[in-house]
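**Student:** Each chain sits in its own coordinate frame; assemble them with the hints.
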Amino acid sequence: MTIPQISVFLENKFGRLNEILSILNKENIHVVAATVADTSDYGILRLITSDQMRAYKLLRANDVSANLNDVFAITSDSSIEKFSETIECFTNAGISIEYMYCFSCNKKAILILRCNAIEAAAEVVKNNGLNFLSEAELSNL
Amino acid sequence: MTNEYWQEEIETMSRPELEKLQTERLKATIKQAQNAPFYKKLFKEKGLSEETITNLEDLKKFPFTTKDDLRSHYPFGFAAVPHKEIVRLHSSSGTTGNPTVVLHTQKDLDTWADQVARCMYMVGARNTDVFQNTSGYGMFTGGLGYQYGAERLGCLTVPAAAGNSKRQIKFIKDFGTSVIHAIPSYATRLAEVFQEEGIDPKKDTNLKIFCIGAEPHSEEQRKRIEKMLGVKAYNSFGMSEMNGPGVAFECKEQNGLHIWEDLVIAEIINPETLEPVEDGEIGELVLTTLCREAMPLIRYRTRDLTCFIKGDCPCGRTHRRIARIQGRSDDMMIVKGVNIFPIQIERILMKFKELGMNYLITIETIGNNDEMLVEVELGDVKIDDYTKLQALTKAITRQLKDEILLTPRVKLVEKGTIPQSEGKAVRVKDLRKLI
Numbered sequence: 088m089t090i091p092q093i094s095v096f097l098e099n100k101f102g103r104l105n106e107i108l109s110i111l112n113k114e115n116i117h118v119v120a121a122t123v124a125d126t127s128d129y130g131i132l133r134l135i136t137s138d139q140m141r142a143y144k145l146l147r148a149n150d151v152s153a154n155l156n157d158v159f160a161i162t163s164d165s166s167i168e169k170f171s172e173t174i175e176c177f178t179n180a181g182i183s184i185e186y187m188y189c190f191s192c193n194k195k196a197i198l199i200l201r202c203n204a205i206e207a208a209a210e211v212v213k214n215n216g217l218n219f220l221s222e223a224e225l226s227n228l
Numbered sequence: 435m436t437n438e439y440w441q442e443e444i445e446t447m448s449r450p451e452l453e454k455l456q457t458e459r460l461k462a463t464i465k466q467a468q469n470a471p472f473y474k475k476l477f478k479e480k481g482l483s484e485e486t487i488t489n490l491e492d493l494k495k496f497p498f499t500t501k502d503d504l505r506s507h508y509p510f511g512f513a514a515v516p517h518k519e520i521v522r523l524h525s526s527s528g529t530t531g532n533p534t535v536v537l538h539t540q541k542d543l544d545t546w547a548d549q550v551a552r553c554m555y556m557v558g559a560r561n562t563d564v565f566q567n568t569s570g571y572g573m574f575t576g577g578l579g580y581q582y583g584a585e586r587l588g589c590l591t592v593p594a595a596a597g598n599s600k601r602q603i604k605f606i607k608d609f610g611t612s613v614i615h616a617i618p619s620y621a622t623r624l625a626e627v628f629q630e631e632g633i634d635p636k637k638d639t640n641l642k643i644f645c646i647g648a649e650p651h652s653e654e655q656r657k658r659i660e661k662m663l664g665v666k667a668y669n670s671f672g673m674s675e676m677n678g679p680g681v682a683f684e685c686k687e688q689n690g691l692h693i694w695e696d697l698v699i700a701e702i703i704n705p706e707t708l709e710p711v712e713d714g715e716i717g718e719l720v721l722t723t724l725c726r727e728a729m730p731l732i733r734y735r736t737r738d739l740t741c742f743i744k745g746d747c748p749c750g751r752t753h754r755r756i757a758r759i760q761g762r763s764d765d766m767m768i769v770k771g772v773n774i775f776p777i778q779i780e781r782i783l784m785k786f787k788e789l790g791m792n793y794l795i796t797i798e799t800i801g802n803n804d805e806m807l808v809e810v811e812l813g814d815v816k817i818d819d820y821t822k823l824q825a826l827t828k829a830i831t832r833q834l835k836d837e838i839l840l841t842p843r844v845k846l847v848e849k850g851t852i853p854q855s856e857g858k859a860v861r862v863k864d865l866r867k868l869i
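The listed protein sequences derive, respectively, from chains A and B.
Residue numbers for the first sequence follow this note's numbering, beginning at 88 and rising by one.
Residue numbers for the second sequence follow this note's numbering, beginning at 435 and rising by one.
Bound-form chain B, shown alone (with noise of 0.2 Å):
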């Protein structure tokens, strides 16, 4: 029998032995965040040590970690080994002010590669397969994440980078991809050029796996990439404060995706209360890593709703399941693989003189795509022209596109027709469906 486990011994490892190993990585991991400036000053306010923990529930007596606090420590202020044992950053993909920068030794590449290589095995890749990733390279950690985990696990990979549909598709047929990962509109995107090129992905490919991350997605949005494609497509979950993608991820019963509990403790809080919520019921992910040498994090408020589910996995690995992700508990936008806030768009807008101040932001689905619509009330200006109002929308779509990183559509309205709610503008429609 084959083996089902990358890492079989952590991965099935009994609940009183992981959290045995939970605690003693918790306290090193304390220990080792009072090397970083903004940690060394904060415990020491509060009086915390690796001596306040003795079990895992000492974890609450620990204030939360904020992207707010990333963003005004900006860049270094979380390093917690010294610059020469720092080989990687990467950089958050929204811009609201400062970007939230992540630190990497080579021993924290090393834990992340094993754990997207543990994810890609979980959901049946091997050293046989052809990996294809279609993720954006750089900064956005879905392409060298991915890239060192697919190498990892001994996979012929191949680093395709984002767009150009019609040559991911001659790199699918003429190495004979197997496995893909992309952000779930871009898989819908890329069965669609399937089509419009006349080529029947189950007929004429290898396909079999698609990982999908990065976006918020449905069910029925999963569903449809499968039926479409001919393959199995899992729920990948991360984020760039904690690595990357491998946070969480979908076994093959697709029941939920297994947090790995070896490296992250995984706490689900009332965002309101900020106390712990029951086991099914929805909440605000809080991660503390427990493997990070450069950049610790202590109980970092990650700002994605979902919930632990109950009960044992039938693949047989204890690590918790959460549920997909259900939304925001802030007004970040996820579209496209790229994280908006609605602020950024404002601040675009407020710079035309021509416009209005009330804005809204639409989301919805398009055939297979997200697309973002903006609304923008037109001033009290002496336009009467035509071709000046194209030159405006024209302008405004241009430096949105600068700020947000994709193209939304702009539309001027009347001043006075964007509804309001309660004294306060609405901003942002999302009319994805996304449960």
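So that you can see chain A by itself, here it is in the shape it has in the complex (with noise of 0.2 Å):
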């Protein structure tokens, strides 16, 4: 039910984003959706690509510090109504949500979710019925 997502930890160094990124590049990975906040000293970048495990072995081999997490890709339509119905399912089963972001393809608006617990999170999915992407769904977008 859950995809792997990609973190890499990031020295806050001018032009490494762009290193990490053209790496990818050279190999044909397109990235479907990736986030960054500002730090003063590091960035963990959070990547999701048209293809995590070829992109994660290709990092590692750059001796890029990349793991991998398990995170929900669920899918809605793009109304704000949906979007707190979502949110509002983990918030009455008492799972916390350590990060999210969001982003659309296709009209369909599409959350990566990182919660604590992430088998009861699994639970909310299945018993409220959220539409989840699977890996394979997620690298064909």
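Hints are computed from structural coordinates only; laboratory data are not their basis.
Be careful, since some hints might not be right.
Unchecked claim - As a list, the in silico EDC-like pairs of lysine to aspartate or glutamate whose alpha-carbon atoms are at most 16 Å apart:
hint: 1; chain 1: B; residue 1: K816; chain 2: A; residue 2: D157
hint: 2; chain 1: B; residue 1: K501; chain 2: B; residue 2: D765
hint: 3; chain 1: B; residue 1: K849; chain 2: A; residue 2: D157
hint: 4; chain 1: B; residue 1: K785; chain 2: B; residue 2: E837
hint: 5; chain 1: B; residue 1: K822; chain 2: A; residue 2: D128
hint: 6; chain 1: B; residue 1: K744; chain 2: B; residue 2: D765
hint: 7; chain 1: B; residue 1: K845; chain 2: A; residue 2: D128
Claimed, not checked - Cβ pair distances, simulated, as ranges:
hint: 8; chain 1: A; residue 1: T126; chain 2: B; residue 2: R832; range: 44 to 52 Å
hint: 9; chain 1: A; residue 1: I184; chain 2: B; residue 2: M573; range: 48 to 56 Å
hint: 10; chain 1: A; residue 1: R141; chain 2: B; residue 2: T841; range: 38 to 46 Å
hint: 11; chain 1: B; residue 1: E780; chain 2: A; residue 2: N203; range: 32 to 40 Å
hint: 12; chain 1: B; residue 1: T841; chain 2: A; residue 2: E206; range: 52 to 60 Å
hint: 13; chain 1: A; residue 1: A204; chain 2: B; residue 2: N532; range: 43 to 51 Å
hint: 14; chain 1: B; residue 1: Q833; chain 2: A; residue 2: T178; range: 52 to 60 Å
hint: 15; chain 1: B; residue 1: P853; chain 2: A; residue 2: R141; range: 25 to 33 Å
hint: 16; chain 1: A; residue 1: S109; chain 2: B; residue 2: P853; range: 31 to 39 Å
Note that CB positions come from ideal geometry on N, CA and C, so glycine has one too.
**Tutor:** Next up, the structure:
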């Protein structure tokens, strides 16, 4: 039910993000979604690509501190009601969201969610009939 | 004319007389040292005794004593008197394994008090002065060492101890403090606080003399302290193994530090070949105590790099001068008066399984303060969370502070980004300007 997300520990250094993305670009791996927050010393780059395993291995082979983490990819239409309802399902079940980011594709909103309790979160997805994407579906977006 | 010397006869003694005194005292010291378990065994093995000494050159027949010797004979292996005669113990500020311990009899403390009084008198302190000591007290010798010296001199002595700058400034104003002992970075800190408080030290206080030491500092830093505070600042050199402050001190000429040769024999050696260097050439300072009862030290390698300054000093003192300390022949760093070895930092970092093997310690002057930055590579761990990284940084900082007694800035960096030289990692970058 979850998909692997690549996390990269990034030093806050000019050009570092570009270096990492060009490794993927050279091998024709597409970036589906990416996020990085601003902090003073370092950041964490979170990536969803067209081929997670290949991207992960490629980054590691280039001495990039990449890791894989399990996250949920939930789809809904782009309305605020639907977004709010989705989050509410987790709140009602007492599950904290550690971080999330969204992007839209073909008029669908895709929500990437990282929770503290993965198994309990999977129950929430199942019980509330939330639509989730598999790794294969995500790669084909 | 007022007397310019605290102990004129000793301070201005002719060189032949001084060397005669040194030879006599050296013989007595070698004899005394054999009461200590460490030297008793060592001298017996090497067939050395006070009989070996016929002139000062004969000292070279004796082996060096190192900090490691002190550590491995912790705590009483260097005691040369029975316990009942020992009245005080000081210990080093740095801790790599066992600390080093220094023992004193009452007579040792008296000699030390006179030694510090001699230094303070030399730079103009008199019994009419109010002396405020901003050193930490306790085991740090800059506290009690200056306290007893200033009292011996007859100053009204304020044991303010370290920290709390606003209170220090209140004391300076209320008590009419004219002489201060401070580590140089704290002297500049005080100047800043004066400014923040809107007090002009030149107009609103009686300050005139700063004794600055226990931390390497540059001529520029001295000038800055003098300018900001409207005082004269004099370089004070010492180390706990040689009592503490007062080993060598600048006179009013501010051109090198007189090393008190009635109390120590100073040699400067090449730390690689262990042979003496020429006057004017930089090497490692090696000291032999001449008046210590409780703990004589023979040819102690201080690891401090300096050189003898050629020529006579216009002040009339015959004791030779050494240049300000130029660095260390080992990897010890002195930051804010605290002795730190990279290995202490390494030991803490290696306790964190989240961290990689490489780290880099950078010391630099930011504003007027020496700051330490510790960069360490993150290991191959599954951390995908800012909160966890922040918690990790905090935990490292806290543990380092407990170990080295000052708070470094800790920065996590990517694996493989710490520069390597010749396959060996560069551990310390000291960007402070000392010369």
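**Student:** Would you list, in rising numerical order, the hints stated earlier that this structure does not obey?
**Tutor:** 3, 6, 8, 12, 14, 16
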